[in-house]
Amino acid sequence: MSEAQLISPLSAEEVEAIEAEIAHLPDRASAAIDALLIVQEKRGWISDESLAAIAGLLGMSTADLDSIATFYNLIYRRPVGRHVVMVCDSVSCYVMGCDRLRGAVEEKLGVKPGGTTEDGRFTLLPIVCLGACDRAPAMQVGKELFGPVAADDLDGIFGGFD
Amino acid sequence: MHDLSTMPLTGRLLDADAAGKGVVDLEAYEASGGYQAARQAVTGMTPAEIRELVKDANLRGRGGAGFPTGVKWGFVPMDGAAAEGHKYLVCNADEMEPGTFKDRYLMEKDPHMLIEGMIIGAWAIEADKAYVFLRGEYHEPYRQLQDAIAQARSRGYLGEGIFGTGFNLELAVHRSGGRYICGEETALLNALEGKRAQPRTKPPFPPASGAWGRPTIVNNVETLCNVPAIVTNGADWFLELGRGEDAGTKVFGVSGRVNNPGLWELPMGTPIREIIDDHAGGMQKGYRLRGILPGGASTEFLVEEHFDLPMEYATIQAAGSRMGTGTMILMDDSICPVDMSRNLQHFFAQESCGFCTPCREGLPWVEQLLLDIEEGRGQPGDLEVLDRNADFIGAPGNTFCLHATGAIEPLMSALKYFRDDFEAHISTGRCPYREA
Amino acid sequence: MPVIEVDGREFEVEQGQNLLHACLSHKLDLPYFCWHPAMGSVGACRQCAVIQYQDENDERGRLVMACMTPVADGARLSIEADHAQEFRASVIEWLMENHPHDCPVCEEGGECHLQDMTVMTGHTSRRYRGGKRTFRNQYLGPFIGHEMNRCITCYRCVRFYQDYAGGDDLQAFGSRDRMFFGRAEDGVLENEFAGNLVEVCPTGVFTDKPFSRTYTRKWDLQSAPSICAGCAVGCNTLPGERYGVLKRVHNRYHPELNGYFLCDRGRFGSGYVNAEERLRRAGARAADGVFEEIAAETAAARLAEVLSGGAVIGIGSPRASLENNLALKRLVGDENFSTGVSAAQAELDELMLSIHRAGGARIASIADVEAADTVLVLGEDVLNTAPRVALALRQAVRNLSMDMATGAGIPTWQDAGVRGHAQHARNPLLIASPAPTRIDDIASATWTAAPECIAAAGFAIAHGLNAGFAAETGGAEFDAHFVEQALTALQGAEKPLIVSGSGCASREVLEAAANIAWALAGKGKGCALLLAGAEADSMGVTLLGGGISLEGALGRLAAGEARSVIVLENDLFRRAEADVVADALDKAEHAVVLDVLESPTAERASLALPAAAITESTGTLVNYEGRAQRFYQVFEPEDPVRPAWRWLADAAIAAGRNDLRWRHVDEVTRACSEVPGLAGIADVTPSADYRTTAGMRIPRMTHRASGRTAKDAHVNVHEPKPTVDEQTPFSYSMEGLNAGQPGGLVPYVWSPGWNSNQSVFKFQQEVAGPLGDGEAGVHLIEQDEPSDLSARFRQAPRQAPAGDGLRLLPLHRVFGSDELSAFSPPIEERGAGPEVLVHPDDAAELSIEAGKGARCERLGSFAVRLDAGIPRGCAGVVVGLKNAGWQLPAFGNLTPDPDFAPKPELIARG
Ligand SMILES: Cc1cc2nc3c(=O)[nH]c(=O)nc-3n(C[C@H](O)[C@H](O)[C@H](O)COP(=O)(O)O)c2cc1C
Ligand code: SF4
Ligand code: FES
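Protein chains in written order, with the numbering used here: chain P, 1 to 162; chain Y, 1 to 436; chain D, 1 to 910.
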């Protein structure tokens with residue numbers, strides 16, 4: 001049995017990408033965060049099964065990997081929508097009215113922070129400073145950064161995501 | 001064309017912008033002398049010479065603490081048993097300090113400049129591995145860096161036998177899982193090792209024992225971007241660049257209610273008011289400036305009386321704040337200082353790594369008190385409780401790392417400069433900035 | 001030695017230590033949480049803050065964390081400065097924001113370090129107005145309860161469990177003020193040392209689950225110094241009793257043995273004392289074969305009759321005290337006494353003793369194990385036979401990281417600094433064993449093979465180290481690469497340690513281990529040697545000696561050469577083939593059994609007498625090192641249960657014998673010391689007339705005991721007169737003085753302001769150092785001056801005998817392979833059932849499957865587990881279980897057993 005088959009919940013592509021990260025590092029466990037991000041990129045979040053499979057691939061216990069996974073903001077241990085909407089709530093955006101923007105987003109999507117729209121398209125999450133303070137208030141949808149965002153812009157922005 | 005001898009960091013990318021390209025690509029970078037400094041350093045200078053040069057240039061870290069870069073590099077063991085085996089150069093591109101957006105700009109627009117700076121930095125300490133520790137949310141910089149690294153490798157600037165010498169360097173990008181504390185250099189090392197990003201004890205200091213227990217230098221993006229031009233133009237040139245005591249230029253930034261928020265490369269020592277008025281276009285109509293956080297969310301407020309001061313390490317320090325990242329956040333008169341403090345403390349409490357008690361438990365309490373005061377539930381004595389918490393959480397050494405110290409800096413200064421606002425909240429039981 | 005000044009007083013302190021360690025060593029009251037004497041400093045809690053002044057003129061000073069600050073000669077410090085006190089009170093106030101304040105219903109209440117520190121810092125009222133966070137607790141198995149809301153995030157649990165004990169299923173999850181300590185999902189904590197979490201946690205998050213079920217406050221517990229009878233290490237314990245029930249067992253600090261930690265067999269294995277299977281009444285078998293309860297006097301009279309009726313065989317026990325064994329031996333005479341172990345085991349026991357007596361290699365204490373820089377384990381699965389040794393090996397392999405840290409200027413107590421710098425660097429630990437072990441993860445080389453092969457490799461290593469040792473290895477195949485690695489490692493060692501034992505039942509493996517140790521010693525290198533004995537008093541009965549083997553004793557009964565037998569605290573069905581034992585017992589006219597439990601042997605007795613358990617009696621055990629240690633009666637058993645020696649002495653008196661007129665355990669101990677080789681045991685601890693200052697006894701209960709007047713409140717509220725203890729220096733009350741006595745006489749730790757187990761530092765000469773008045777225990781084995789030992793074991797190891805089927809090798813299990821602890825309910829829940837480990841290829845050939853049953857003629861049925869680490873042609877069989885008296889190694893055929901119902905895996909939530 002090949003290694004990839006042994007840890008069947010991971011695709012060959014995922015395993016390959018993780019192995020490529022491991023190649024840069026002195027030991028397998030050091031690739032923990034990279035591996036989580038790689039798998040999450042494909043699946044949106046890290047399920048218990050994914051977690052166990054990654055832990056197996058890296059030669060560490062699930063508890064050890066989960067300890068790492070639960071430390072980081074960008075690793076989701078619960079399902080998220082197809083696109084994660086992050087509205088910056090840090091100080092520059094605060095000064096520029098991010099609370100109003102978040103209110104508008106909540107209304108538009110019909111969910112509170114942490115919630116996922118019923119159609120599974122969007123999950124709304126708070127995020128710390130996106131490094132776009134000159135474009136405050138800023139938000140990110142998926143990998144795309146927007147700012148400054150006014151309530152009127154939201155339809156246009158969300159319309160661009162399926 | 002911008003003059004690279006006065007705008008070494010942004011001259012190229014402003015040209016690229018002007019040409020409608022957005023990014024300084026490899027051709028443009030090379031055409032403007034790019035990678036010549038690296039070639040010169042690796043083929044013509046010893047590591048010791050580079051370390052001396054950078055020390056002489058008095059380049060200070062642009063990540064917030066302002067530690068002299070050449071001095072830091074000098075701590076790396078260069079011979080004997082401790083020098084055998086891997087050494088690492090890590091670029092701190094975590095940039096999560098609220099109000100800070102300079103590193104994103106540099107990486108997104110001119111990734112080769114960082115790579116070149118890292119080649120020289122790595123050679124200076126004979127590191128054979130380099131990592132860019134990049135914020136996970138920075139998707140565009142990630143793409144740009146990945147492309148640029150591939151290009152640099154294809155030109156032989158990275159990999160085995162760089163510039164035909166025996167110097168090898170692998171450069172990889174590590175994306176962060178996302179947490180402010182990852183920017184703290186020892187927490188960053190843990191994150192790089194794939195662990196929870198809890199800060200580490202010092203000693204050992206990273207130059208002696210860092211990533212995977214090996215000598216490691218951690219430098220900010222902007223710090224490393226300064227290095228190629230120093231090699232090209234020399235230490236004296238760099239010393240001359242600054243307007244006052246400090247050497248070089250700085251990417252200053254302004255966010256808040258100004259007409260033209262953004263970033264500008266200006267000489268060290270440019271006065272605050274000049275940055276705000278001349279470059280950021282002054283305050284928007286109807287807004288009055290009350291205070292600034294001069295170098296990111298973890299620096300103390302400066303107020304009216306300070307606005308003519310030059311942005312210089314010693315001067316800003318003497319005024320009771322820190323130069324930090326040099327990206328300032330403006331508080332105008334429509335913003336409630338209590339609520340802004342609450343917003344800041346919310347950030348720091350959320351981003352506490354959870355390791356040490358004062359930060360983990362103290363900051364949420366502070367946040368909760370500020371919320372109470374803001375929402376009209378403040379009680380007599382609350383300010384004393386805040387003061388005491390601030391004293392005990394904020395004193396360097398009371399917490400394990402400087403996260404909590406940074407958290408308390410804006411709070412302490414807000415309690416000092418805007419105390420009337422706090423007291424008014426408590427005595428009237430409401431926030432005067434909110435519509436009734 | 002550097003001198004530091006604390007609040008105006010000067011103290012000499014140890015160079016290189018941190019300030020917290022130094023202050024506590026001088027018995028100063030400085031609060032802390034995250035620091036642990038065995039685990040060093042991490043600086044997480046910030047509780048140990050003190051003021052450090054720069055110089056004479058510095059009036060303000062600055063706060064430093066004592067645990068993170070190295071001592072410096074001339075340093076000026078203050079614990080009492082207002083600013084330091086206020087900061088420490090603030091730390092408690094922060095910690096208390098989310099704490100549930102549930103002391104009245106918390107198991108830790110009254111011995112809670114968090115309570116103590118809260119009182120000590122003077123934090124009394126909480127100003128935080130926000131809500132408290134709450135967590136869901138987890139099911140963690142039968143040993144440990146979980147109450148996360150009480151957590152103060154000191155990180156001690158994960159640091160112990162992961163970093164110290166090598167577990168990987170307990171972790172820290174989350175971040176900021178939402179840290180959770182537990183497992184990834186509900187389930188049994190797998191590590192064999194998990195129970196220490198109960199003592200490591202400074203508050204009530206990890207609790208002793210069996211104790212919680214029948215809970216008693218610490219101050220209501222009665223306790224006395226005791227010794228764990230779980231294995232040959234002889235860890236020191238503090239059992240606690242109330243209402244005649246043994247409630248729990250805590251660690252009793254011993255600087256050379258258990259230190260601060262016990263294994264879970266020791267901690268949770270004493271439940272047999274309260275077990276239903278406990279033999280509590282005397283009984284005699286009537287003519288119709290039915291057991292009848294008889295009065296104690298009648299029982300003693302019957303025993304006297306037996307003694308008067310001709311030759312009596314006495315079968316002693318390696319799990320009974322020396323006193324009990326000696327009493328039986330004296331009663332029946334040397335020529336009729338067996339130490340109660342099989343001839344094969346006795347041979348191994350004697351061999352281990354003779355190896356140690358030959359000298360050359362130092363007998364390794366647990367502290368020596370921790371100090372070793374290179375370890376070779378030969379044939380012994382110490383995690384399962386002598387678990388505390390395995391925990392020590394996990395520390396030994398870290399010595400390299402300590403050296404690396406020292407080289408890099410990092411103090412060795414900077415725990416995270418050391419780990420970060422040294423990464424995975426470890427000292428060499430080489431393990432050759434019949435099956436994979438649970439410490440293979442820290443080994444630099446492992447190799448599994450049959451004992452003969454291991455022995456051959458061992459001979460090759462000894463010869464490789466020192467050509468004077470036998471070159472002939474006997475022909476069994478071995479892994480030359482492993483031998484090569486061992487040679488390289490041992491040649492480079494400064495503090496080598498060889499570990500072996502009787503676990504794999506091979507004489508040659510022991511000889512090989514001795515040869516290696518001696519070969520190293522002959523090279524001018526000191527070498528430590530640890531030979532794990534089988535049971536708590538194996539070394540004791542070996543020193544005592546028996547005139548006949550167990551087989552000989554049974555044979556004489558079966559042949560009618562002896563009419564009666566007295567079996568002392570020994571289930572013979574675990575030591576010899578069932579039919580042989582049954583036949584012998586049936587043939588005996590009188591089969592008297594003195595025991596703690598209704599064992600299968602007791603069920604066959606004609607007269608059964610209830611013996612006191614270790615916790616109910618006073619006596620001496622001799623551990624694997626030959627260290628004699630005394631245990632004291634924690635509580636009086638209910639009549640007629642009494643120490644076995646007393647049954648025997650009473651009967652002897654009734655039978656008119658004048659040589660056993662013992663009324664006092666000290667008399668029996670003195671009688672033991674008349675045996676050559678046991679002379680030292682009279683000096684183990686002072687005799688019963690010992691008194692502390694002002695002529696006081698040592699109290700078994702703390703000064704805060706509320707239970708005295710209502711001691712028997714469950715039956716009667718009248719205050720009984722406490723029994724006057726004639727047998728020991730202890731009192732059955734809170735009256736007396738628990739201070740200043742020898743280390744072996746500390747019945748509990750408590751000190752003003754320090755109600756938790758952390759108070760142990762007040763009893764130590766310095767933190768983690770010897771106890772107040774010196775060591776507990778006396779080394780009985782006299783080692784010869786080293787001579788040329790290469791001639792000792794020149795005979796090459798035998799090859800494995802040829803046989804039919806698989807070669808069945810004995811495997812031990814920490815939970816299950818020990819007779820007494822197996823009767824403790826939580827251990828029973830965790831315990832191994834009959835199990836056989838087979839190589840997957842062999843299993844395939846034999847058509848047996850994992851998880852299903854397999855039968856072996858004579859031995860019975862087993863659950864099958866596949867393990868590619870088992871050598872081909874061998875199978876590992878779990879031994880030490882009930883009715884598993886067969887002798888291994890042996891050959892046997894395994895066939896599928898469809899009827900076998902394996903013990904269900906423990907996954908239930910409870
Ligand atoms: C809580 C905390 C967060 C930090 N975040 C960053 C960061 O995002 N980027 C950065 O360059 N430095 C950050 N720093 C500073 C680094 O610890 C370190 O001083 C810096 O990377 C050194 O680089 P330099 O000498 O080039 O400035 C942070 C420090 C602290 C205490
Ligand atoms: S101050 Fe303490 S809890 Fe806060 S980030 Fe630093 S180590 Fe973590
Ligand atoms: S004991 Fe010193 S910080 Fe915890």
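Some hints here could point you the wrong way.
Said to hold, decoys possible - Examples of chain P residues lying across from chain Y (beta carbon under 8 Å, computed):
| no. | residue |
| --- | --- |
| 1 | D34 |
| 2 | L36 |
| 3 | W45 |
| 4 | I68 |
| 5 | Y72 |
| 6 | Y76 |
| 7 | P79 |
| 8 | L125 |
| 9 | C129 |
| 10 | A132 |
Source of the hints: derived by calculation from the structure; they are not laboratory data. Predicted model only: the values in this text are computed from it and were never measured. Virtual Cβ for every residue (Gly too), placed ideally from N, Cα, C.
- prompt: Of the hints stated earlier, which fail here?
  reply: 3, 6, 7, 8
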